[in-house]
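Put chains E, D and A with the ligands on the given structure of chain U with help from the hints.
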Amino acid sequence: MRANLTRHWPLLATGVVLLALYIGAAIAFPGFRTWFQFTRLFSDNATLGLAAVGMTFVILSGGIDLSVGAVIACASMMLALLAGELAWPLWLAAPAVLAAGAAFGAGMGGLIHIFRLPPFLVTLAGMFLARGTALLLSPHKRIELGSHDSVRSLSLLHVADFTLAALIFLAAVTLSALALRWMRWGRTVYAIGSDESAARLMGLAVAPTRIGVYALSGLCAAAGGIVHVIGTQAGDASIAFLLELDAIAAVVIGGTVLAGGRGSVLGTLLGVLILAIITTIPGYVSDLDSWWTRLIIGALLLLFVSLQRVSQHWREE
Amino acid sequence: VFAFASCSKKSSSDSGSESKPLVVGFSQIGAESSWRTAETKSIRDEAKKRGVDLRLYDAQQKQENQIKAINSFIAQRVDAIILAPVVETGWEPVLTQAKAAGIPVILVDRGVKVSDDSLYTTLIASDFVAEGRMAAQWLAKALNGAGNIVELQGTPGSAPASDRKKGFEEGIAPHAGLKITRSQTGEFTRAKGKEVMEAFLKAAPGQVNAVYAHNDDMALGAIQAIEEAGLKPGTDILIVSIDGVRAAFEAMVAGKLNCTVECNPLLGPAAFDAVEMVLAGETLPKNIVVQDRVFDQSTAAEVIDSREY
Amino acid sequence: MADALVEMREIVKTYPGVVALDAVDFTLRAGEIHALVGENGAGKSTLIRILTGAERPDRGRLLLNGREIHARSPAEAQRLGVAAVYQEINLAPDLSIAENLLLGREPRSRFGWIQWGEMRRRARQIVRSMGLEADVSAPLRDCSIALRQMIAVARAVDQRARVLVLDEPTSSLDAAETGRLFDLMRRLRAAGLGIVFITHFLEQVYAVSDRITVLRGGRCVGSHAARDLPRLALVSAMLGKAASAVAAERASTRRADCGGAARLVAKRVFRRRSIQPFDLTLRAGEVVGLAGLLGSGRTEMARLLFGVETRDGGTISINGAAMHRHSPRRSIRAGVALAPEDRRAAGLVPRLSVRDNILLALHASRGWLRRLPRRDQVALAEQFVRSLSIATPDLRRPVAQLSGGNQQKVILARWLLMEPTILLLDEPTRGIDIGAKEQVESLVADLRVRGMAIVFISGELEEVVRVSSRVVVLRDRAVVGELEGAAITAGSIMERIAGPAEGGGHA
Amino acid sequence: MREIGRHLLWPLAALAILLAFNALRDPAFFHLRLVEGRLTGAMIDILNQGAPVLLLALGMTLVIGTGGIDLSVGAVMAVAGAVAADLLHSGASTATALAAAVGAGLAAGLWNGSLIALVGLSPIVATLILMVAGRGIAQLVSNGEIIDIAPDAAILAIGRGTVLGLPFPVLIALGAAAALAGVARLTSLGLFIECVGGNEQASRYAGLAVRSIRLAAYALMGVLAAIAGLIDAADIAAADANNCGLYLELDSILAVVIGGAALTGGRFSIAGSLLGAIIIQTISTSILRADFGGRSVPVELNLIIKATFVLALCLVQSSEWRRWRPLRRSAAA
Ligand SMILES: Nc1ncnc2c1ncn2[C@@H]1O[C@H](COP(=O)(O)OP(=O)(O)OP(=O)(O)O)[C@@H](O)[C@H]1O
Ligand SMILES: Nc1ncnc2c1ncn2[C@@H]1O[C@H](COP(=O)(O)OP(=O)(O)OP(=O)(O)O)[C@@H](O)[C@H]1O
Ligand SMILES: [Mg+2]
Ligand SMILES: [Mg+2]
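Chains as they are written, first to last, in this note's numbering: chain U, 4 to 320; chain E, 34 to 342; chain D, 852 to 1358; chain A, 407 to 739.
Just chain U, same shape as in the assembly (with noise of 0.2 Å):
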């Protein structure tokens, strides 16, 4: 028991700080107490979420996805084109646009595997190419999607207050957590970001698990991008610009080492929230300047990788 404790400290400090972050808050700001207000934390971050999810596996297995951002906006703009323009129904253009980002993904993966070629470095040229298709899609760099009457009321839709973009989120979280306890490949996962070379030599899957991280990484950026056409009812070119930082951060906040092998899903849907949460204070607060909204989240961020820091160097004591 005391060695479970031990071993799962940085999950649960990261909770502490989180429900003092949210506590704080509550305090400060009547409204964020309500439950509205809670469900909205996963709404409105559904898509950094998803995209943050397939980050996980990505780091997990000791590389990075820089490209994730592009592809959610380029999947986006695919929907609304399949969805939108060509007047396809949607439960085919979805899993087509699901079906292509996890394509891309497992051919930046490929590359990656293959020919050894450093993961930021393919990501980064995965972010340009992504990012390009998407703003060649079309003229106007936006695909309005008009009357489509099914997004319109799946975007309308919830569930307790929670919307489709938190359902699908939270159901990827979960999907996600099974994978990567309860899987060989999701173990395979951490051995590969533990010691890639150690698991070849152990005689592991190295290949598929790689690649497949990587189109995990594509699928959910993907499902991202249709999350936020639902939200929004538009394909757009010039979403989610540098989304993959705020990914990678919401991944590493929650607890998962940046070279690999150790860290949670778990984890990361606490660091999305403590992201939300920060992200969201400055609507709370009375009267400032523009550029305060920037300075209280990096302030907020700080504060808190701090505070987390401290309680990992309180616990080593």
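Because the hints were derived from the structure by calculation, they are not lab data. Careful, some of the hints might be misleading.
Reference excerpt, derived from the structure (chain A facing chain D, CB under 10 Å, subset only) [to be verified]:
#1 G603
#2 A608
#3 Y611
#4 A622
So the derived list for chain U, only partly shown, Cβ under 7 Å to chain E, looks like this [to be verified]:
#5 H11
#6 E147
#7 S158
#8 L159
#9 R187
#10 A237
#11 T283
#12 T296
These figures come from a predicted structure and were not determined experimentally. A virtual CB, placed ideally from N, CA and C, is assigned to each residue, including glycine.
Just chains E, D and A with the ligands, lined up with the frame of chain U:
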């Protein structure tokens, strides 16, 4: 079990009678240009003047942040929301929430596309197409209906960029001699405007007669590029732009810029008038158009001291 | 040959600038333990990496049970029945012991979910059957190197392969564990496995193996039944010269008196959860051996003395100066050097060249502005490459490309050239061949005579006995006794390590 | 050094291809003319436009060499520009303004470095904080406005001045590159940085002052970013807190990678990063200049071309690719 939102009770819009100040949320796009900063300042100043407690959220050009801000305004039951939407679509879910919570929404500087226009109270904005048209008309006259024009576009896909392009093209259409030879995005920034202009000048030396920039910042960048190429801006190459910020007037006084079409960012007074009217139960027109004017070098010197932004 | 389990024919493998294997033949039969010996860099590890599919040969054929195979990956080789423990332990440090034992073969339910309870149960069983004690759900990174090595062996054995390859599995094991491993190997041999066993300990070679194949400079110089190959013949085959000069003047050095000035004084130094308070005085001209079982705290002691970790209490003074805010940097400045036990993690900078790795500590001590002229760098590095006979094609080679033993020598060279007054050696002879081991031992004796104070940690008791003028015995992370002069024998050390009450009788 | 030389082969070839393409399309591409004592021509333009990225890439090379990364460089540029413009506006001397701007960059770098080396935050998160907040600081300084730099200020010379016909930004950037390359070659600093990036624990054991080395790398990055910010501000004669240096962090990282550095740390090449930055700017400039049948190329192609180019470059450099070719040939035989 699925259910559509029926979120909140009626909000307390009777706050006018109490001593508690009005609380208004303002979801601003960002601070990407002088024009935008002027708009923010105008709204803040007006709020201060009227004793309104303003919640300002700078969304850094991201719709998701704007939605986040509006949701937080709804959660804290503000009395009204002012929204400067970064794009036109995708507001239906969040505006539906605001409506259900009984919070009126005033749009400033661009509109939104929603299936039910009761989702917002009114739109206070300039007509971007008209601005583009006015710029074209001024230039057509100055060039006597013939010449090569290069265009510095705004951020691709943004409403001002596409409308100002559209309006300008409409405006020059009657003049067969006027041609847009090159058109690239300068992303509304000075640095990009300069870089693109440099490339234009290099690609076709001596063949550019006029520059049309979608905002003043890009025009100021282009002026520098022209000067560095050894030409005289405003004389060798005519320059017309939109917005009418103070720096543009200074450039006109110095003879480097020929014309700017005003796009008035001082929407604060109008916005808070609208807030107070709607909270008092008055009905407002769906669209309040801000009147914009054209300024050129002949009037610049007189007007410059009265410019607030 | 009907009973040849593995046949490797004319295997050639070259790396840029090196011919690692030059047409090597190797035959392994079912039911034999086959020792593969040779100097550092002879090509042993390369040969077995080819056997296990971790590396592709440039040329040559590989036959398993008479059928030619082309294993392209360790996974494929494992399916074909070849399991291996590599020289650098290859496990996932972030996963638990149980997972490291069973990853890839986890018990799974019908739907493919991992059954954690069953997995832990089986892991506990495996760990117990190896005679180990460990919490199988603890992450591997918290285990000592020795435990990791045993776990790697357990993982390979548990695969029920037909061919088992062990590349220096005993390099960080103590006598008891080595004995246990040998029992296990004999049992597996009886069950019909073919085992390839690499080690630099000749006693171990003769203790378990049936056949011995000797590699030298990438060529196979002979394969003999163990009982037909006298020890001396083996050594001369390995070194390629008549080895009569192997007998050394060891014991004589210990008698020399050792009462120089106190170089390092540690008083009541401790660190919570890693070592109990201990006192230690190091004098000029003495070699203090640290003896103890695995995990007894020897490494921890050295790390505290060097200032890698902050102590929770106690005082350390080095050459008279008290170390308040202790750090490796300060230690080095005061004249201390530590050759760490984990060369991969704490020793080498893998991408840098051999030369830079050798000179690293010197560079660091000179600071960034006072760079050593290039010519001096080359001369110094060359001198140590020669004196420690580090096998490398050139000084610019990234150190990661050297063989394991040669990497160890690079680290030794790094510290020797600093000419410290206090030298802490944590397992300096791990994985280096007998020739080099002799060299290190005589070097230590030499440095001692020149007045250096040395701490010598080694899992090989005989070695500790040979080189030390004083031995400190540790058990369960506490100092339990000290032996001096003639009292230093393997037997007396073993007694201290084992007997719980005896430590108190000392002093 | 010979190894480095081989490293530069492919980037050099890539640059040659780009230049050849341009020369074919536009015969005047290589022409240099002296206009009013100032060299002009496409090549000079490339260097001039690319100067900020080049400076950033130099600093980023060191930071990446230690195994870190700095995402805040764009924001730091903005801060430096804003500080200089604000001081000039309130009547400070040019020297004060310049010193203050560089000081601000140094402070930013030390801040990042302390968070990473002393507090122990991961570089991505630590510099992300300043990336978000830095622009806020710049706006705070400039009060959210684009501050014009008075036209007579000597500071403008940084952006537009020339020495021997060469634009000042080019001189600054190349000078910084030469200085850095010299330091890396003549002192042990380069080695230390590679050690820290290659194996931090081993460096500590070997007695390197790991923290100070980290700190120094980020501090230098901050200073270089500040200079880049000054060039950018001087170039447009104004400090634009919101747009100055936007997204340049990505370009500078890309330049470093093209130059053959390992992003995991432990290996870098100043000359390589220099080449990388030039290649990136050449691609952008080529696209801006190119026109096909009177139509200019859409900028978004810039992204795709950049990506394809970089990928192809890294692919031909990878050892696996070279390994594949003989394999395929033997399979065909
Ligand atoms: N990846 C590599 N790149 C280049 N050279 C290598 C590589 N791996 C091994 N070598 C070289 O091949 C030769 C044989 O190395 P190998 O590791 O097989 O030696 P070994 O017999 O196992 O030595 P040791 O007893 O020290 O472990 C050495 O000279 C080594 O430098
Ligand atoms: N970095 C570390 N993190 C956690 N535990 C450690 C660490 N280093 C050592 N230990 C633990 O501390 C105990 C003492 O280990 P130490 O390495 O000092 O023993 P040792 O006598 O040198 O044995 P070995 O032969 O394994 O090196 C061991 O149980 C080991 O698991
Ligand atoms: Mg070996
Ligand atoms: Mg040890």
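Exercise. What are the numbers of the hints that this structure violates, sorted from low to high?
Worked result: Hints 5 and 9 are the ones this structure does not satisfy, whereas the remaining hints hold.
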